[in-house]
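Spelled out from the first residue to the last, the chains are:
2 protein chains.
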Amino acid sequence: MSVDLLVKKIKEKQNPSVAGLDPVIDYVPQHIREKAYAQYGKTLKGACEAIWEFNKGLIDALYDVVPAVKPQSAFYEMYGLHGEEVLHRTIEYAKEKGLYIILDVKRNDIGSTAAAYSKAYLGKVDIDGVEAEPCPVDCVTVNPYLGTDGVKPFVDDCKAYDKAIFALVKTSNPSSGELQDMLSDGKAIYEHVAELVNKWNADTIGESGYGAVGAVVGATYPEQAKILRSIMKQSYFLVPGYGAQGGNAKDVKNSFNDDGLGAIVNSSRGIMCAYKKQNMPGEAFADAARAEAIRMKEELNSIL
Amino acid sequence: MSVDLLVKKIKEKQNPSVAGLDPVIDYVPQHIREKAYAQYGKTLKGACEAIWEFNKGLIDALYDVVPAVKPQSAFYEMYGLHGEEVLHRTIEYAKEKGLYIILDVKRNDIGSTAAAYSKAYLGKVDIDGVEAEPCPVDCVTVNPYLGTDGVKPFVDDCKAYDKAIFALVKTSNPSSGELQDMLSDGKAIYEHVAELVNKWNADTIGESGYGAVGAVVGATYPEQAKILRSIMKQSYFLVPGYGAQGGNAKDVKNSFNDDGLGAIVNSSRGIMCAYKKQNMPGEAFADAARAEAIRMKEELNSIL
Numbered sequence: 175m176s177v178d179l180l181v182k183k184i185k186e187k188q189n190p191s192v193a194g195l196d197p198v199i200d201y202v203p204q205h206i207r208e209k210a211y212a213q214y215g216k217t218l219k220g221a222c223e224a225i226w227e228f229n230k231g232l233i234d235a236l237y238d239v240v241p242a243v244k245p246q247s248a249f250y251e252m253y254g255l256h257g258e259e260v261l262h263r264t265i266e267y268a269k270e271k272g273l274y275i276i277l278d279v280k281r282n283d284i285g286s287t288a289a290a291y292s293k294a295y296l297g298k299v300d301i302d303g304v305e306a307e308p309c310p311v312d313c314v315t316v317n318p319y320l321g322t323d324g325v326k327p328f329v330d331d332c333k334a335y336d337k338a339i340f341a342l343v344k345t346s347n348p349s350s351g352e353l354q355d356m357l358s359d360g361k362a363i364y365e366h367v368a369e370l371v372n373k374w375n376a377d378t379i380g381e382s383g384y385g386a387v388g389a390v391v392g393a394t395y396p397e398q399a400k401i402l403r404s405i406m407k408q409s410y411f412l413v414p415g416y417g418a419q420g421g422n423a424k425d426v427k428n429s430f431n432d433d434g435l436g437a438i439v440n441s442s443r444g445i446m447c448a449y450k451k452q453n454m455p456g457e458a459f460a461d462a463a464r465a466e467a468i469r470m471k472e473e474l475n476s477i478l
Numbered sequence: 175m176s177v178d179l180l181v182k183k184i185k186e187k188q189n190p191s192v193a194g195l196d197p198v199i200d201y202v203p204q205h206i207r208e209k210a211y212a213q214y215g216k217t218l219k220g221a222c223e224a225i226w227e228f229n230k231g232l233i234d235a236l237y238d239v240v241p242a243v244k245p246q247s248a249f250y251e252m253y254g255l256h257g258e259e260v261l262h263r264t265i266e267y268a269k270e271k272g273l274y275i276i277l278d279v280k281r282n283d284i285g286s287t288a289a290a291y292s293k294a295y296l297g298k299v300d301i302d303g304v305e306a307e308p309c310p311v312d313c314v315t316v317n318p319y320l321g322t323d324g325v326k327p328f329v330d331d332c333k334a335y336d337k338a339i340f341a342l343v344k345t346s347n348p349s350s351g352e353l354q355d356m357l358s359d360g361k362a363i364y365e366h367v368a369e370l371v372n373k374w375n376a377d378t379i380g381e382s383g384y385g386a387v388g389a390v391v392g393a394t395y396p397e398q399a400k401i402l403r404s405i406m407k408q409s410y411f412l413v414p415g416y417g418a419q420g421g422n423a424k425d426v427k428n429s430f431n432d433d434g435l436g437a438i439v440n441s442s443r444g445i446m447c448a449y450k451k452q453n454m455p456g457e458a459f460a461d462a463a464r465a466e467a468i469r470m471k472e473e474l475n476s477i478l
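In the order they appear, the protein sequences are chains A and B.
Residue numbering for the first sequence follows the numbering used here, beginning at 175 and increasing consecutively.
Residue numbering for the second sequence follows the numbering used here, beginning at 175 and increasing consecutively.
FYI, nobody ran anything at the bench for these hints, they're computed from the structure.
There's no promise every hint is true.
It does not matter which identical chain is used: a pair holds within one copy or between any two.
Dumping the calculated SDA-like pairs for lysine to any residue here, alpha-carbon to alpha-carbon at most 20 Å [to be verified]:
#	residue 1	residue 2
1	Lys450	Glu208
2	Lys333	Gly434
3	Lys298	Ser286
4	Lys216	Glu305
5	Lys400	Gly351
6	Lys185	Ser382
7	Lys298	Pro310
8	Lys373	Pro348
9	Lys361	Gly351
10	Lys298	Val198
11	Lys298	Glu259
12	Lys333	Ala458
13	Lys185	Tyr214
14	Lys407	Ser382
15	Lys361	Ile405
16	Lys271	Ser404
Work out the full structure, taking the sequences as your base and the hints as a guide.
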């Protein structure tokens, strides 16, 4: 199972973290931007070529430190068709470097349309008898608000093509509680979603003891993470909110099982913009990102 | 306001319906597919060129009948980068023909990432002082599971750039009730979401009496639609589930206000595949789509 591959990579690198690739143009060092603008102008194409150089440098600096990368689709869609093209290029390059790819798309729709989203990233499309893979990654994030028939097509493709998903359960943002924390039958909505995740996950358990259906659980809500860890024992957690959003290593401990597995912690800005935080020149962005990824790895290992 | 423009177009065409453009390759008539495969092979590119010809034919046949089209992003993402490119081409073409564009993307994320999604479709991106529009449409759909800070960036762009959104409230699929119907404080989750929609919508009301924040309310749940109509008096409803999913004209009546406004009913397969349902040759797909769109318009007007 795909989640077994993730666990294997986490063990090999001794690093339960994932580097988010959420490249706003302002994060890209000045010298890279200037070079791209000189060739393509201050255009969507220019921005995207700068982002590509930045991503490539980050992947080169990180691929032997982190087991996985998580491109955030929004930051590519934001640059239009050129952005989509750079997303595809980034995925290809990260794959060549042996990284596990979690594409953060938070897709959701009703049955047949959810199936189309799933084919886009996990499955294959049939073109009059010829199969094609539109944008194959290892794993995507999905939003569960539409219920089982909106998620099932993804789960089916996880089984058919050996892939994985993370369903949003308790998100890291300040207003996540508005709906997710509402009580129904004495339980929060996020607990009900966790029980659905268990159902979806039940017949997908791999050798690692974890299944294809994981959960997004924000680092910013450690108490809820503790409850959710006890409900979804066989689901991997994708943990956003560490670093820039305020979650620290102690906060994410609750998302792990006692064996030190069960969660992968994301850092995006913390790694991508490490050179800015350290007041280092833009030319040092890759070294700064690598140093921060190693620091994060050591910090996570120190609490596990 | 953008919603005023939608209302104007609905009144001009005397038609409260929207044609969904959800082009699976199997929907495309054989002669169009064969022509595209001859040139590009049974490839993603070949499929997309066939889809483009189909979309173009549909838009040509429908633009003076329907006020709006709703491309469903999943069915373009499903064909990879070529699919994205045809989505952009389709949007451009529909815009040239004067159609209001509702891009069905159901995007959702935390604050800064939601802002990136919003910029992608409603707003503008800043490239070191130069503004660009990645993929401008009139309106997108959003998923509210992350709460206010996941939706607010879209609302802000609605105000800044004169756009609109439809938030998922009660979706048309069989399992929509799993989470959306759960009771909390004596009300269903969809009612709580409706109250949030009211809050988000409050300071965006245009001349038409409707605001920038609408709601997706499935035709398959007419009783819930009645309740939701009474809660969100100033929100336009986007109503999926008519036709192929089982909702009929009587079922959608509850989504309208007494003045015959307040809702726009979507039909995708019903229009796109009308030639199949009528056992007409593929060459007649555009005429069949037009006839079905006119039939639907008349049916809707008969119940209003």
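Right, here's what the structure says about each hint:
In this assembly of identical chains, Lys450 and Glu208 lie within 20 Å of each other by CA distance solely inside one copy; the values are 17 Å within and 54 Å between copies. When the C-alpha separation of Lys333 and Gly434 is checked against a cutoff of 20 Å, the pair qualifies neither within a copy, at 26 Å, nor between copies, at 47 Å. Proximity of Lys298 to Ser286 under the C-alpha cut-off of 20 Å is restricted to the intra-copy arrangement: shortest distance 14 Å within a copy versus 32 Å between copies. In this homomeric assembly, Lys216 and Glu305 come within 20 Å of each other (Cα to Cα) only across copies, at 9 Å, whereas the closest approach inside a single copy is 38 Å.
Taking the closest pair of Cα atoms, Lys400 and Gly351 come within 20 Å of each other only inside a single copy of the chain (16 Å); across copies the shortest separation is 27 Å, beyond that limit. With identical chains, the CA atoms of Lys185 and Ser382 are at most 20 Å apart within one copy only, with a shortest distance of 11 Å there and 60 Å across copies. For the identical chains of this complex, Lys298 and Pro310 are intra-copy neighbours only, at 8 Å inside a copy versus 29 Å across copies, given an alpha-carbon limit of 20 Å. In the homo-oligomer, the alpha carbons of Lys373 and Pro348 lie at most 20 Å apart only across protomers (17 Å), although the nearest pairing inside one protomer, at 28 Å, exceeds that limit.
In this assembly of identical chains, Lys361 and Gly351 lie within 20 Å of each other by CA distance both inside one copy and across copies; the values are 13 Å within and 17 Å between. With identical chains, the CA atoms of Lys298 and Val198 are at most 20 Å apart between copies only, with a shortest distance of 13 Å across copies and 30 Å within one. In this homomeric assembly, Lys298 and Glu259 come within 20 Å of each other (Cα to Cα) both inside a single copy, at 19 Å, and across copies, at 19 Å. For the identical chains of this complex, Lys333 and Ala458 are neighbours neither inside a copy (42 Å) nor across copies (40 Å), given an alpha-carbon limit of 20 Å.
Proximity of Lys185 and Tyr214 under a CA criterion of 20 Å is satisfied in neither setting, with 42 Å inside one chain copy and 44 Å between copies. For the identical chains of this complex, Lys407 and Ser382 are intra-copy neighbours only, at 12 Å inside a copy versus 52 Å across copies, given an alpha-carbon limit of 20 Å. In the homo-oligomer, the alpha carbons of Lys361 and Ile405 lie at most 20 Å apart inside one protomer (12 Å), although the nearest pairing across protomers, at 26 Å, exceeds that limit. When the C-alpha separation of Lys271 and Ser404 is checked against a cutoff of 20 Å, the pair qualifies neither within a copy, at 35 Å, nor between copies, at 55 Å.
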